[in-house]
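Colleague: Chain by chain, the residues run as shown.
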Amino acid sequence: MRYIPHTEEDVRHMLGVIGASDIDALLAAVPKKLRLGRPLDLPEATSEQTLSRELHAMAERNANPATHDWFLGAGTYAHFTPSAVDALASRAEFYTAYTPYQPEISQGTLQVVFEWQSMVSELVGLPVANASMYDGASATAEAALMAMRVTRRDRIVLADGLHPHYRDVLATYVGGLGAEVVTGERAADGRAAPLGSLVDDRTACVILQQPGFLGSVQDVRAIAEEAHAHGALLIVTTTEALSLALLEAPGKMGTDIVCGEAQSFGVPMSFGGPHLGFLATAQKFLRQLPGRLVGETVDTEGRRGYVLTLSTREQHIRRERATSNICTNQGLCLLLATIYLSLHGKVGLRKLAEANLAKAEYAKARVRATPGLSLPFPAATFNEFVVGLSEPADLVLARAAEAKLIAGLDLAPYASDLGPALLVCTTELASREAIDRLVGLLAGEAS
Amino acid sequence: MSAERPGPAPENAVRGLAYEEPLSIERSRPGRIGWSLPELDVPAVDPADVWPEGSVRSEPAELPELSEVEVVRHFTRLSTWNAAVDLGLYPLGSCTMKYNPKINERAARLDGFAGCHPMQPPSEAQGFLQLCWELEQMLAEISGMDRVTLQPAAGAQGELAGVMMIRAYHEHRGEKRHKILIPESAHGTNPASAALNGYDVVPVPGGSDGVLHPEAVDALMDETVAGLMLTNPNTLGLFEEHIVAIAEIVHSRGGLIYGDGANLNALLGIARPGDLGIDVMHFNLHKTFSTPHGGGGPGSGPVGVKNILATYLPTPVIQKVEGEEGDCFTLDHEFPHSIGRLHGNLGNLGMAVRAWTYIRSLGREGLRRCSDMAVLNANYLLARLRESYHVPFDRAVMHEVVFSDRNLAETGVTTLDVAKRLIDHGYHPPTIYFPLIVHGALMIEPTESESMEGLDRFVESLEAIAREAKEDPETVKTAPHHTRHTRLDETRAARKPVLRW
Numbered sequence: 141m142r143y144i145p146h147t148e149e150d151v152r153h154m155l156g157v158i159g160a161s162d163i164d165a166l167l168a169a170v171p172k173k174l175r176l177g178r179p180l181d182l183p184e185a186t187s188e189q190t191l192s193r194e195l196h197a198m199a200e201r202n203a204n205p206a207t208h209d210w211f212l213g214a215g216t217y218a219h220f221t222p223s224a225v226d227a228l229a230s231r232a233e234f235y236t237a238y239t240p241y242q243p244e245i246s247q248g249t250l251q252v253v254f255e256w257q258s259m260v261s262e263l264v265g266l267p268v269a270n271a272s273m274y275d276g277a278s279a280t281a282e283a284a285l286m287a288m289r290v291t292r293r294d295r296i297v298l299a300d301g302l303h304p305h306y307r308d309v310l311a312t313y314v315g316g317l318g319a320e321v322v323t324g325e326r327a328a329d330g331r332a333a334p335l336g337s338l339v340d341d342r343t344a345c346v347i348l349q350q351p352g353f354l355g356s357v358q359d360v361r362a363i364a365e366e367a368h369a370h371g372a373l374l375i376v377t378t379t380e381a382l383s384l385a386l387l388e389a390p391g392k393m394g395t396d397i398v399c400g401e402a403q404s405f406g407v408p409m410s411f412g413g414p415h416l417g418f419l420a421t422a423q424k425f426l427r428q429l430p431g432r433l434v435g436e437t438v439d440t441e442g443r444r445g446y447v448l449t450l451s452t453r454e455q456h457i458r459r460e461r462a463t464s465n466i467c468t469n470q471g472l473c474l475l476l477a478t479i480y481l482s483l484h485g486k487v488g489l490r491k492l493a494e495a496n497l498a499k500a501e502y503a504k505a506r507v508r509a510t511p512g513l514s515l516p517f518p519a520a521t522f523n524e525f526v527v528g529l530s531e532p533a534d535l536v537l538a539r540a541a542e543a544k545l546i547a548g549l550d551l552a553p554y555a556s557d558l559g560p561a562l563l564v565c566t567t568e569l570a571s572r573e574a575i576d577r578l579v580g581l582l583a584g585e586a587s
Numbered sequence: 403m404s405a406e407r408p409g410p411a412p413e414n415a416v417r418g419l420a421y422e423e424p425l426s427i428e429r430s431r432p433g434r435i436g437w438s439l440p441e442l443d444v445p446a447v448d449p450a451d452v453w454p455e456g457s458v459r460s461e462p463a464e465l466p467e468l469s470e471v472e473v474v475r476h477f478t479r480l481s482t483w484n485a486a487v488d489l490g491l492y493p494l495g496s497c498t499m500k501y502n503p504k505i506n507e508r509a510a511r512l513d514g515f516a517g518c519h520p521m522q523p524p525s526e527a528q529g530f531l532q533l534c535w536e537l538e539q540m541l542a543e544i545s546g547m548d549r550v551t552l553q554p555a556a557g558a559q560g561e562l563a564g565v566m567m568i569r570a571y572h573e574h575r576g577e578k579r580h581k582i583l584i585p586e587s588a589h590g591t592n593p594a595s596a597a598l599n600g601y602d603v604v605p606v607p608g609g610s611d612g613v614l615h616p617e618a619v620d621a622l623m624d625e626t627v628a629g630l631m632l633t634n635p636n637t638l639g640l641f642e643e644h645i646v647a648i649a650e651i652v653h654s655r656g657g658l659i660y661g662d663g664a665n666l667n668a669l670l671g672i673a674r675p676g677d678l679g680i681d682v683m684h685f686n687l688h689k690t691f692s693t694p695h696g697g698g699g700p701g702s703g704p705v706g707v708k709n710i711l712a713t714y715l716p717t718p719v720i721q722k723v724e725g726e727e728g729d730c731f732t733l734d735h736e737f738p739h740s741i742g743r744l745h746g747n748l749g750n751l752g753m754a755v756r757a758w759t760y761i762r763s764l765g766r767e768g769l770r771r772c773s774d775m776a777v778l779n780a781n782y783l784l785a786r787l788r789e790s791y792h793v794p795f796d797r798a799v800m801h802e803v804v805f806s807d808r809n810l811a812e813t814g815v816t817t818l819d820v821a822k823r824l825i826d827h828g829y830h831p832p833t834i835y836f837p838l839i840v841h842g843a844l845m846i847e848p849t850e851s852e853s854m855e856g857l858d859r860f861v862e863s864l865e866a867i868a869r870e871a872k873e874d875p876e877t878v879k880t881a882p883h884h885t886r887h888t889r890l891d892e893t894r895a896a897r898k899p900v901l902r903w
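As you go down the protein sequences, you meet chains H and X in turn. For the first sequence, the numbering used here begins at 141 and goes up steadily by one. For the second sequence, the numbering used here begins at 403 and goes up steadily by one.
The reader is advised that the hints may include incorrect statements.
Cut-off 25 Å, straight-line C-alpha distance, at most; resulting in silico cross-link-like pairs (DSS-like, lysine-lysine) [as the list claims (entries may be wrong)]:
# : chain 1 : residue 1 : chain 2 : residue 2
1 : H       : Lys491    : H       : Lys392
2 : H       : Lys504    : H       : Lys491
3 : H       : Lys392    : H       : Lys504
4 : X       : Lys708    : X       : Lys578
5 : H       : Lys424    : X       : Lys898
6 : H       : Lys424    : H       : Lys392
7 : X       : Lys708    : X       : Lys722
8 : H       : Lys173    : X       : Lys708
9 : X       : Lys708    : H       : Lys172
Calculated from the structure, these hints are not laboratory results. Predicted model only: the values in this text are computed from it and were never measured.
Using the sequences and the accompanying hints, generate a full structural model.
Modeller: Below is the structure:
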């Protein structure tokens, strides 16, 4: 048993010190009739060599950007990750540590979190960011709960374009608290339509996704005005944090809470998690923020250092009156993202975002010029957009998959009014040649 | 950055290879970059040409500009300032800081797992779905539950899901119950998760022997109570031996029992929550099943339920469809009574790969051996430290043991001081001041990963600190002395929060 150091002699000696005859005697507190009384019905132990082979075989049955050209985004994005990211995050001093409860021996983790909070704050244009949330969906739900606490209101207005999974998670989270959730319309250009009378004096917040689920760049200022006119908060959420490098910072357009998903910053897709939720807000709402926070301080010798702070908001102190039940954050994922952002830097991140935009504009131009394909929405986009098809999307996806290309998301379950349509994403991974191949496959050409 | 704030330490290294390192932004130089974008193979686009006015970012985000070398040194240096399981004993009670096997990490990084997208067609992800389905089956067998979902992102989200299913169960039956019973020794996430469901939390006092007694539950359990949340073994490391009688009381009055699986590492192959009357529970893959704690997460909190709650599971549910050409795995969204979706995708499944690998590496005998040795280690510490530290509930423990600072009262040395002095001896301190029912608690969970010699050294350190507390209390009270930092001023951090550079 390579993970357990005890020899039989050790066990005998330790039992002797304890004064127990055998292990069974140690378990005396578990009444005999409550014990399992048989071995677990699980496989036998497997050697590392054998298991490695089995794992490789299972992994090979999953399409991924190393085996397929990739145009599927919809909240989880295939980006290139520099080698240094995983090499550094694989330092066991980072990944085998836990929550930095003891700051004197956790300064590595604490400084990384402080740097992450700073970078999020810069990207979104708001002064306070927490140490992370589980994912973009729960961050958005927690932002809504926070707005309910701040405003003491219980109506939540969703502008059109919120990721359907985020909407579902939000409904799950607020279901026990009697909140009302209403949804706005989509305008003909693909953006969220004005909310009008949906926002009222009972409204705690308006939630706007930027860019919207179908890719449209939203008019944040207009929605902010509508929310603020009734004393509601504006929450802007994003599933594609890279867009923040190129789009105006939501915090500079009247947004009260910015949240979302930062998986794009070096976090593997991993079939949907662990990813990296983030949440940022204005100074005045600090005490209502959920999750861990790291702050700067000094030690008794005046040396700069970092600690977990303002923990009286949290469940381990405040229990049922806490701002959230969250305990773990996504420490390892925020480490990946902090390294990723440090490598890209101020200039590199913007260049990367511009490359994503350029690929999408090229792909859209190709689609526009191809008979049988259409772009249903004129609104501006970042790296994701809708393509109208002239045959059912599932057939197109299957044909593309045969040609080792994952063409996008079938929108039939999400936006059936569009007719056959795909949500297509072009990151920096999409080569011109692959985009050309995609457009051909969408238009019905054999590969 | 404001001028009155402290600057970084000036020296490159103060003790040989003990490096100082500023914030990354303090190393930044315009023009440096740590990454290379390939040549753009499509026409460049100026966003101002294609986006509405006012949409383009007016000022770039002030991210540090560093070469790859500087980034590598920055994070490598920071890593050396952390205590970690791979450096030594990390006996945080209730956190199960066991060894995180290396094969798990390699497995999760295979392209077919790490690169798998949650919305790709299930036909293109059969290997991953099979792994998830198998992990659900293995967790069900380990716990004695009927169905498992991997969706909750962490234990606390698992609690939220579990309590939601309890609520859905009562609502479905047309019952309005508004209270949840929670023992005083419970983790803070329990009451917080209940409150998020709109429940009033009713604390249940434990007995003088440290466990819950049927009479205490009997006195509080009525038709307004939706259920009881229980941790077994509890946070004192004691097995809740009256659990069956307690479950009978709760069930007979229409309530359900939630099991907090934080302490499951004590029970593998010994007893199963599902056989003890638990109706719904969560697992912490990052505790019991060796996925890394990652400096604070990610966790992963699968939830197991008995059949009476299976209809409320979060969607989508992974199903196995047996076919002539072999099994196939699908995602089932048709659960009309489901509590809905909790996670943006299917859960923290990168952790599922690691947990699956761990269970398969150890096998049935190995898992049992984990719990046996975890219990042996905790009782060994109890036996060896009983003379030096007060034991509030002195009886055989399971996987963890709680001491207090009562024996040190005359010296003025507190639990916090002992914890800080342990750092000088090279140990991460145990969990302190929890559970709340023990004044000055020191909660130690050694896990099965520690050898006897390792525990002996730890005991010697704790004994030395107990002696030192009497002979030279000031040294203990001002510890740690051998770290990069002495004690940090947490009051200052909270009074004037500085939360970014």
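Colleague: Now tell me, hint by hint, if it's right for this structure.
Modeller: We went through each hint and held it up to the structure:
1. Lys491/H <-> Lys392/H: Roughly 21 Å separates the two Cα atoms, so the pair holds.
2. Lys504/H <-> Lys491/H: holds, 20 Å
3. Lys392/H <-> Lys504/H: violated, 29 Å
4. Lys708/X <-> Lys578/X: holds, 21 Å
5. Lys424/H <-> Lys898/X: holds, 13 Å
6. Lys424/H <-> Lys392/H: holds, 16 Å
7. Lys708/X <-> Lys722/X: Judged against 25 Å, a Cα distance of about 19 Å means the pair holds.
8. Lys173/H <-> Lys708/X: holds, 20 Å
9. Lys708/X <-> Lys172/H: Judged against 25 Å, a Cα distance of about 23 Å means the pair holds.
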